[in-house]
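Student: Following the hints, position chain B against chain A.
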Amino acid sequence: MPNTQELQDLVVQVRRDILRMVHKVNSGHPGGSLGCTEFMVALYNEIMDLKDGFDMDGIGEDLFFLSNGHISPVFYSVLARRGYFPIEELNTFRLINSRLQGHPTTHEGLPGVRVASGSLGQGMSVAIGAALTKKLNNDDHLVFSLHGDGELQEGQNWEAIMFAAGNKVDNLIATIDRNGQQIDGPTEEVLPLGDVPEKFRVFGWDVLEIKNGNDLEQVVAGLREAKSRTGKGKPVCVVMDTVMGNGVDFMMYTHAWHGKAPNDEQLATALAQNPETLGDY
Amino acid sequence: MTKYTDQGKQDTRSGYGAGMTELGRTNPNVVALCADLVGSLKIETFIEENPERFFQVGIAEANMMGIAAGLTIGGKIPFASSFANFATGRVYDQIRQSIAYSDKNVKICASHAGLTLGEDGATHQILEDIGLMKMLPGMTVINPCDFNQTKAATIAIAEHHGPVYLRFGRPKVANFTPVDQKFEIGKALLLSEGTDVSIVATGHLVWQALLAAENLENQGISAEVINIHTIKPLDEKAILDSVKKTGCVVTAEEHNYLGGLGESVARVLAMHHPTPQEFVATQDTFGESGTPDQLMEKYGLNNKAIEAAVLRVLKRK
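Chains as they are written, first to last, in our numbering: chain A, 20 to 300; chain B, 377 to 693.
Keep in mind the hints are simulated off the structure, nothing from the lab.
From the three backbone atoms N, C-alpha and C, an ideal C-beta is built for every residue, glycine too.
Any given hint might turn out to be false.
Reference listing, derived: stretches of chain B covered by chain A, where coverage requires no fewer than 3 residues with Cβ under 8 Å from a Cβ of chain A [to be verified]:
hint, segment
1, 425 to 439
2, 448 to 459
3, 542 to 548
Bound-form chain A, shown alone (with noise of 0.2 Å):
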C-alpha cells in the first residue's frame, strides 16, 4: 500500500491550494476541482510511471490528458506539488501574463500540459490518439483520461468511445467524475446520463466503479485494478462517484460552487476545515 498519510496530507493541501487559487482571482472552479482532489492526487503520486522533467512527446512514461478542463486548480496544484514547475507560480492563476491560464493549455509552455482543454468533449479523442501513437511506438506505458459526467452530453466523446473499443485502444483508461451535478444542476435534471458504467459496457469497453472517490484508498486500489486490467483487447473505462465541493462542508452536495469562488470569510472556514500540511505556497 502507499503512504496514505502523505498521500493525505498531500489531498489537504491540494485544496487549500485550490481554495487560495480561486479566491485570490474571484474566479475559477472550486467544485470540481476538490471533488477529484484524491483522484489526481493519487494518479499522479501513486499510479502513473512518470519521467523525471517535461516533454512534450512523454515516450516512456505514462500519459494524463485532463478533458474537462474549469477544474484546472486540482490540475495545477498536483503538477506543481509533484515538480513541473514552481509551487509560487499558483500564485499567478487566472492573471495577466500567466502561465496558469484559466483552462489548461500548452500554448503559455506551462510543463505538463499536452493539449488545451476547456471546451468539452474533446479529451477523449486526444488520449485515444496518444495512445495510438503509444502503441506505434511501442511504447507500452498507458494513457489516463479524466471527463466530467455532465461532459458526456457532448457527442464527441460517443464517436471516441465506439472508436476506443472498435479499435481495441487497450492502453487507455479514462475516469469519468460521476459527480452528479454540472452549471444548470443535477446531471439527471440538465439532461439524463442514466447508467454510465452500462453505457460503456455496451458500447464495448471493460468498466469498473469506485463507489467513493474521496476515498483515497478506493481510489489507489481502484486504478491499479484499473491497470491490471490494460492490455486486454478493450479500453478501460472508470466510473468514480465523487461529491462536488469535497472537504469543504459547505461546497458539498450541491452545483452552487461549480464557478463561484469563495469570499474572504468563507475561505477562512474553508482554510480552516483544511489545516495546512505540506506548506502554503
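Tutor: Same frame as chain A, but now just chain B:
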C-alpha cells in the same frame, strides 16, 4: 517565361493521394486518418502499403481531429482527411482548441472544396473554409492549383512543423505545373509576366487566370499571373512587387469574396500600396447542384469572369 501547357487533365485530390503514397514510403512518422471517404481522398495505396499507419475513424470528424491531435504526442505526423466542409466548418472548435491553440503538428487535408464538387450541391460545397482556417492563429493555409502542385504540397507540409490546412478538389482539371517543381510554403509563383494588370489567383482559378491572360494578350492587354498557393502566410512582397508595376489587381478564387484570398490581398494593399482591385469569387452565396463547369460559369469563376474583371479594373486605374 515558361509557357504553361496542360499535360493532361487530372484531379488535385489524386495529387494528394500520390503525395501520400510517396510520404508512406519515405517518412515513417506520417500517419493517415480518414472519415469514411478513402476512395474520394485517393489514399488507397498509402493504406495498402502502410495498414498500421492508417486509422479509419468512420463518420466522426470531430473524433478524427482529436485523435489527430493526440497522435502528434510521441512524434507522429497525422494527415487527417475528409471533404472540405466536414474537415473545417463541421469541426471548427476541435481544430481551434485541440490542434491550433494546442500547437499540434496536424495536417488537415480537405478535398471537394468549393463549387467544383458539383452535383452534390450546396450542403457539400464549402465556400467559407479558407476564411475559417486562415483566421486561426498559427494555421498555414494552402490551396494548390493542379495535380503536380498538390502532390508537391502534400510532401512539403510533412516537413513543416505546425498545423496546416491543405485544400484541393474533385474535378479533373489542367495539370500544368512542372512535375519536379519544388514546393515552398509561402512563396508565390510568377507564372507569366505582364505590365497592365496583376491577376493573383489560387487553386483551380490559376489555370483559368492563364487562359484569361492569353486572351487578354490578343486584345493588347499585358497581364501578369501570380499563383498564390499559400494564402497564409501570404507572400506580400510578390504581390506588392507586381502591383507596383501594373497598378491594378484582380484576385481569383473558388471561395466567397468574404474571408478568402481577395480579402487577404486587399489588406496588404490597403496597408502598403492602395490599388484598385476586383474580386473574382462567389458573392456571399451558397452553391447549388450542377456540373463543375456550369457552376463555375454561373457563379462567375472562370477565365471569362477573370477577363471581365480585368477590363473593369483597368478602367479604375
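Student: Each hint needs a verdict: does it hold in this structure or not?
Tutor: Consistency of the hints with the structure:
Counting residues of the segment 425 to 439 of chain B whose CB lies closer than 8 Å to any CB of chain A gives 8, which reaches the minimum of 3, so the coverage claim holds. Closer than 8 Å: that is the beta-carbon criterion, and the segment 448 to 459 of chain B has 6 residues meeting it against chain A, so the requirement of 3 holds. Beta-carbon proximity to chain A at under 8 Å applies to 0 residues in the segment 542 to 548 of chain B; the threshold of 3 is not reached and the given coverage is violated.
Going through the hint list in order, the structure does not satisfy hint 3, though it satisfies all others.
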